[in-house]
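K.L.:
With the hints as extra help, turn the sequences into a complete structure.
So the protein sequences, as listed, match chains A and B. Residue numbers for the first sequence follow my numbering, so the first one is 1238 and each next one is one higher. Residue numbers for the second sequence follow my numbering, so the first one is -19 and each next one is one higher.
Incorrect hints may appear among the rest.
Below, in silico cross-link-like pairs of lysine-lysine (BS3-like), each with a Cα-Cα straight-line distance of 27 Å or less [to be verified]:
id	chain 1	residue 1	chain 2	residue 2
1	B	Lys7	B	Lys142
2	A	Lys1275	A	Lys1439
3	A	Lys1603	A	Lys1524
4	A	Lys1524	A	Lys1274
5	B	Lys121	A	Lys1527
6	A	Lys1275	A	Lys1435
7	B	Lys153	B	Lys142
8	A	Lys1439	B	Lys121
9	B	Lys(-13)	B	Lys142
10	A	Lys1527	A	Lys1435
11	B	Lys(-13)	B	Lys15
12	A	Lys1274	A	Lys1542
13	B	Lys137	B	Lys153
14	A	Lys1604	A	Lys1524
15	B	Lys121	A	Lys1274
16	B	Lys121	A	Lys1435
17	A	Lys1440	B	Lys121
18	A	Lys1542	A	Lys1603
19	A	Lys1435	B	Lys153
20	A	Lys1275	B	Lys121
21	A	Lys1274	A	Lys1439
No lab work stands behind these hints, which were simulated from the structure alone.
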Amino acid sequence: MSISEKREKQVYTDPPLIQGDPTFHSITEDISVIPEKKTPTWWYIAFAVSFSGMLMLLGMIGYLVWEGTGIWGLNVPVGWGWAIVNFVFWVGIGHAGTLISAILFLLRQRWRTSINRFAEAMTIFAVICALVFPGIHVGRIWAAYWMFPLPNQMEMWPNFRSPLLWDVFAVSSYFTVSLLFWFTGLIPDLATLRDRAKGRIKKIVYGVLSCGWRGGNRQWKHYEMAYLILAGLSTPLVLSVHSIVSTDFATSLLPGWHTTIFPPYFVAGAIFSGFAMVVTLSILARKIFKLEHIITVRHLEFMNKIIMVTGMMVGYAYSTEFFIAWYSGNEYESFAFLNRAFGPYAWAYWIMISCNVFVPQLFWFKKIRTSIVPMFIISIFINIGMWFERFVIVISSLANDFLPSSWDYYSPTIWDIGTFIGSFGLFFTLFLLFLRFLPMISITEVKGVLPQADPHFHHNGKDNGKAGGQG
Amino acid sequence: MNGKDTKIFGILAQFGDPGELLQAAEKTRDAGYSKFDCYSPFPIHGMDDAMGLRRSPLGYIIAFISFFAVIGGLSLQWYANAIDYPLVISGKPFISYQAYAPVGFGLTVAIAAIFTFVVMLALNGLPRPHHPIFSSSNFEKVTDDGFFIGIESGDSKFDTEKTKEFLSSIGGKNIETINN
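P.N.:
Printed below as a string of structure tokens:
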């Protein structure tokens, strides 16, 4: 079979992205009915739980400000505890949203349209959670503004050659760009909600938020260009933000941190953990909101494949670290890794290896990567494993450094644990508000990938399927 | 005035699907109209050509702004750490652009993104909460499954009756006059 014949065949055998014989109107209905209908009871319950978590976080932060970082389990060699672990964990999760919204957009992966909106929302909320931690871990929160280049009475500037400051800029510009990208995508959908709104207040609120969008091609022209530019601007961020986060570690001299593999290794881990979170959230959302025909098993399978690829990259990085530690001939470096696998934190190390390297291998089986319950469980395992990865990196290297006389064992206090759980409260509070008041799937973009959105669909006789499927 | 009326914003006609809208846009363009717009729930591929529109200048504007953002981002760091309050860090050179790259890059991307958003809205004349075209209740479908062409009264060829006839001849339905 020639390549062109193969390609022809592929076009015909690819199932439609959106199932259930959709029309433009049915898509509008399916998605915009979610924020329009009466608030379901489960939402109130879930919101109460997450909101309590958020209040707990605020309480924890309040006590931290009052008392100081001594309430955490920090000790002398381990000056970076859970705050940094949680920070890296949350920033990493955000990366999947940006990859979906930016890189997959530039690569014309049309399946992204079903998941990009809430993956982007997840990014923004995860970055908010992440930003909490470096903000509070400085101890003297009232001096946190020193991180920004503000002219001040001390005539001091931040040190721009410090990776910690790079981090401030990387993460805050990441947040800004993600927010603008998300909001730009929302504008036409907010206009849909405006045009459907019954009540006057809703009409005004959605009307203001949609900026008065009219949907004329003279607007779409600039809009599409803006979307393309924002995707282009976000694309390097997928790679740069976590690379810069990793330089917080890599530019230090600590064994186990001082390695050049960190930037790519962190980026792969970030995408890995982020996709696991997207799978977790989308399985719940599609079930609860009956959107199985829009977020299909095919979409989930694509994501599981990405999880598998990035999971193996992470596994490869783990083994490379070991190899280089041995090959370097540096005894501190070798010790750091043997200590990770067999030292006092071996339990955390093996949780990490099991969850991140072994468990995702199950996705080799098509049956597993296309069935909901197994993939949900696997995605939870990965979420856990990736938190432990950061724990292993941060804690084990700090706790056992050069001089055995300065070693100590780190254990978290109730305040560490409460703050971490509270950050989930913050995340889910924001996420539930998003699900309740905004379209969780991009109405405009899903319509754009329907076969009938192609202008040649109705007018080319038998060529329909081809024009529609290919796009 | 030849049938022109300043009270009228334009004539709106509805079309059935993206294909019809695209063909109608081509015919409207070929009939010599230039002040018209095609409204749709999602961007339609090939519509810029069909309407005879040029590519959006947004990319060039943002490239221009980004150039200054790069310079600004780097000079901020250079001024702060080398001129205003020289910081000696392990005896490294003050103008170490390598160390300034991450912050310079972050600032550039953030500034470019903010301007992309703002300039996009400005080019589109947004935010504009009200517009004469919203007076048509049928037009609410534009964000659902409606496809429209609106020819504006500012067009040199515009004539209330003739334009209506023209829109109907190219397959427009639900033709209505939109008042200012």
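K.L.:
Against which earlier hints does the structure fall short, listed by number upward?
P.N.:
Of the numbered hints given earlier, the structure breaks just one, which is hint 12.
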